[in-house]
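The opening residue of the sequence shown carries number 1 in the numbering used here; numbering runs sequentially from there.
Calculated directly from the structure, the hints in this document are not laboratory data.
All figures in this text were calculated on a predicted structure; none of them were measured in a lab.
Ideal placement from N, C-alpha and C gives every residue a C-beta, glycine not left out.
Treat the hints with care, as some may be off.
[Claimed, not checked] Quick list of the computed label-pair ranges, beta carbon to beta carbon:
{"no.": "1", "residue 1": "TRP815", "residue 2": "TRP575", "range": "25 to 35 Å"}
{"no.": "2", "residue 1": "ALA764", "residue 2": "ASP517", "range": "24 to 34 Å"}
{"no.": "3", "residue 1": "VAL152", "residue 2": "GLU208", "range": "22 to 32 Å"}
{"no.": "4", "residue 1": "ALA640", "residue 2": "ASP517", "range": "22 to 32 Å"}
{"no.": "5", "residue 1": "SER459", "residue 2": "ARG355", "range": "14 to 24 Å"}
{"no.": "6", "residue 1": "GLY967", "residue 2": "ARG432", "range": "42 to 52 Å"}
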Amino acid sequence: MSRPTRAPGRLARYGFGTAEGDGGARAADLLGPEGLRLWRPVEQEPADEPAGELLAAMSRAADPDLALRQLHRIVEAERRTTDGAAESPLLAELHADPGMRRRLIAVLGASSALGDHLVAHPDHCTALRTAPDGLAPIAEGRLEPAAGGNPVAVLRTAYRLALLRIAAADLTGGRGLEQTMAALSALADATLAAAYEVAVAELAEGTERPRLAVVAMGKCGGGELNYVSDVDVIFVAAEDADLAAATLVATRLIHICGLVAWPVDAALRPEGNRGPLVRTLASHLAYYQRWARTWEFQALLKARPAAGDLPLAQEWIDQLAPLVWRAAERPEAVEDVRAMRRRIIDHIPPKELEREIKRGPGGLRDIEFAVQLLQLVHGRGDETLRAPGTIPALRALVAGGYVGRADGEALLRGYRFLRSVEHRLQLQGLRRTHTVPTEPGALRWLAAALGFTAAPGRSAVESFRAEWVTHATEVRRLHAKLLYRPLLESVARVPADGLRLTPEAARHRLEILGFADPAGALRHLQALTGGVSRTAAIQRTLLPVLLSEFADAPEPDRGLLNYRKVSDKLGSTPWYLRLLRDGGPVARRLARVLALSRYVADLLARDPEALRLLAEENELAPRSREVLREGFLAAAARHADPVEATRAVRALRRRELVRVACADVLCRAGALAPTPTRPDGANRPAPGLADITQVGTALADVTDATLAAALRAAQASQPAPEGLRFAVIGMGRLGGYESNYLSDADVLFVYDPPAGASESAASAAAHAIAEELRRLLGVPAPDPPLGVDADLRPEGRQGPLVRSLAAYAAYYARWSRVWEAQALLRARFVCGDADLGAEFEAMIDPVRYPAEGLTREQVVEIRRIKARVETERLPRGADPATHTKLGRGGLADVEWAVQLVQLRHAGRVPSLRGTRTLDALAAAERAGLIDPTDAAEMAAGWSLAAQVRNALMLVRGRAGDQLPRHGVELAGVVRLLGRDDPGEFLDEYLRTARRSRAATERVLNA
């Protein structure tokens, strides 16, 4: 009878057919009447209720098809041994024992190797039976060898049964990762002990039993063995008289374990494979005292008695312990460990590097090496750190304060995840592997074996990949922090009775940290940490963290100098050091901004108390336009004297500049990046270099509020006819919400005289207000000045500073040139009389958005002016390829192209009527006026140039448009922008600018 066509589809609901790719057709054969007899093909349903339960169990396996194939093979093998009995005893037992059913199916779906073993030995399935008391079988790594028979064969069978129980408990949630690793290590100990006894029993008659210790090393020694791994050991004999027999026993033990379970690797012994297999205790001690390298002491961290003469093994460990904990004082210690780590990475094939969960970046070795290095450095004076296992040692490091709690938890999570992946990969075929597969079917199996399931919009494989990337990235970051900071080289040389950084211990290491003036840096350290005061003690605690941040910056000396300046000003205040010590990321945030930004450092030098902003996430988010305006106006209103009022406003402006600049510097700092929240709890990203428009808007809002408050003070101090209306119009970058940290305020001043008032009196009063506004904001003060530039007014500097609305209208109607219309594209009301501002904008709209567009002559004029600007305004000696403002593909290129499109088409396309460059560019693309590819290239060029220009100002502390091609300023810009390689970034900038230039030329010449 032919199979019903819908059978495979129904079985696919149980997960069958995914791996086979046949929709369940193969499963229908194996489950049908001629197979396991669990499925009725005609009725399209399980044969009975127990069959349905067994199918449901297989659907939950990592690979239902594999579980089914393996079960079918086992039942077939069972039938051959029972003369083809109609009923399968195994299936009957699985129906009656839900616990056994769950355990066996989990193993069959996750491990083809253990399935093959059960096919060869169907009777071994009974090892997974539920005990009479209802408990799962014991899975703690015990061996239960049968009596009689070949001892090696008996040991092999007992090993496989114990491994089967451990795997079943692991796969069904009966054991966590740490329990599984402990059980596998206990099984290794038991196997070594059993093999040891077999080897001793095989010694020639009359040979005295030698005193031989088997010391477990590596993962076995740390109690964290995986399913398939070499077991690292060192053999130790008590005396010379034991050597001959001990060598025979050790050799035979290695052979037996290779036949039974896994290879035994004794390469960690003195002199490695070139040295004798067995040494006496005295010989070991002599070697480690004279010849051992740092990595050999590092390996001893995991030494543990495993088999043979256990007291001798413990004596060996105890005698070597003092040497282990003095190893970090050796001059080459830290570099030895680093070099070994680099060699391990170098030996991974490049095509496997990113898929390696053990040795690749962000892998298990990163965690193990970081933990072991910290054990070597700090375990000399803290015996609680002397644990052989990675997880216990990491917990001890966290408990002792050597690793931050959050960092420690992140490493623990990463370690558990990566070890779980390693276990599942190895369990599948019981072979050594640490490489995540690329084949889709294998990835689906791995994700399912780890418990990942599909979610709306994301497959199980995608969920697995996302978590893997998250853990690997975090591990990589923390590994660099713990292992590669050159500061550890200084700490590692501090005598065991004083583990904190001291100036004396750091003297010869500051140069390695990157300090150009080690003597000067040492003087700063001595000034900060000298004495026995509480302040000096806190500084000694903080400096290791701060120096590691300074060392990562292009100019470590500057960071340390800036930190000393801030500390000198605030060191005596009660809150300063307490905030750095107890304020979470405050200390590292401060170190980063001081090391990377002269601009922020200068602002903090004027206002050190502003560093309190670094303590609160919401303090590193820009204030809204309304909040800024209200706060600035209120500050000005508290002072009758206009100078004092403006001084208060400028102080608030300085604080807001610190807020935005700090958020900007920190936005790409990983865990240090601010994460402000809205009042409703929703996440709100802080402004940063990644979003240059947000920075420009925040800075423009600060300038608007400053001008509004200064105008209020100026109006209060200058008599004016009653009813005189006055407004400030923003131009240039201020008008376009594209301000940078050192931008002047480009403005126009407009007034409207009251009805019946003298025009000359109104003009004089308005002029006095404008002059007073400029004077107040330019008065010398500790705060950054805000230049008020009115040069874009009609007739430029030759024309009157202030005009009436009617005068502006008359001028633009009669005398306006095309470049003035272009300048008005960014005009917007800033402060003063809002109605007058709206009237001004309405008056200029026909000028900047001409209904008929531009004449051919006007387009040619714009192109001519642009060419002249490029030739005349580019500074002498400037590199046009990397000049962010006037260079090829930079800010001016894109802005001229966009503004030309606005002048030509905004009269009939209202969406083009905006002051922001990128908004107008996007509107032009939507209107079909600019090719989408050109628009994307122009947006990329403008954004990158603006980001670089802001970063240059943050790094230098002064205005600058030229991106250097080498040096510390380039390195600082690259660091601020979250990149790694200055050369690669420079290539990216040149490539982006070149494409932007080509796109702008196509738009300009259209």
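Structure-based check of each hint:
no.: 1; hint: TRP815 x TRP575: 25 to 35 Å; result: 60 Å, violated
no.: 2; hint: ALA764 x ASP517: 24 to 34 Å; result: 58 Å, violated
no.: 3; hint: VAL152 x GLU208: 22 to 32 Å; result: 24 Å, holds
no.: 4; hint: ALA640 x ASP517: 22 to 32 Å; result: 50 Å, violated
no.: 5; hint: SER459 x ARG355: 14 to 24 Å; result: 19 Å, holds
no.: 6; hint: GLY967 x ARG432: 42 to 52 Å; result: 48 Å, holds
Violated hints for the displayed structure, listed by number in ascending order: 1, 2, 4.
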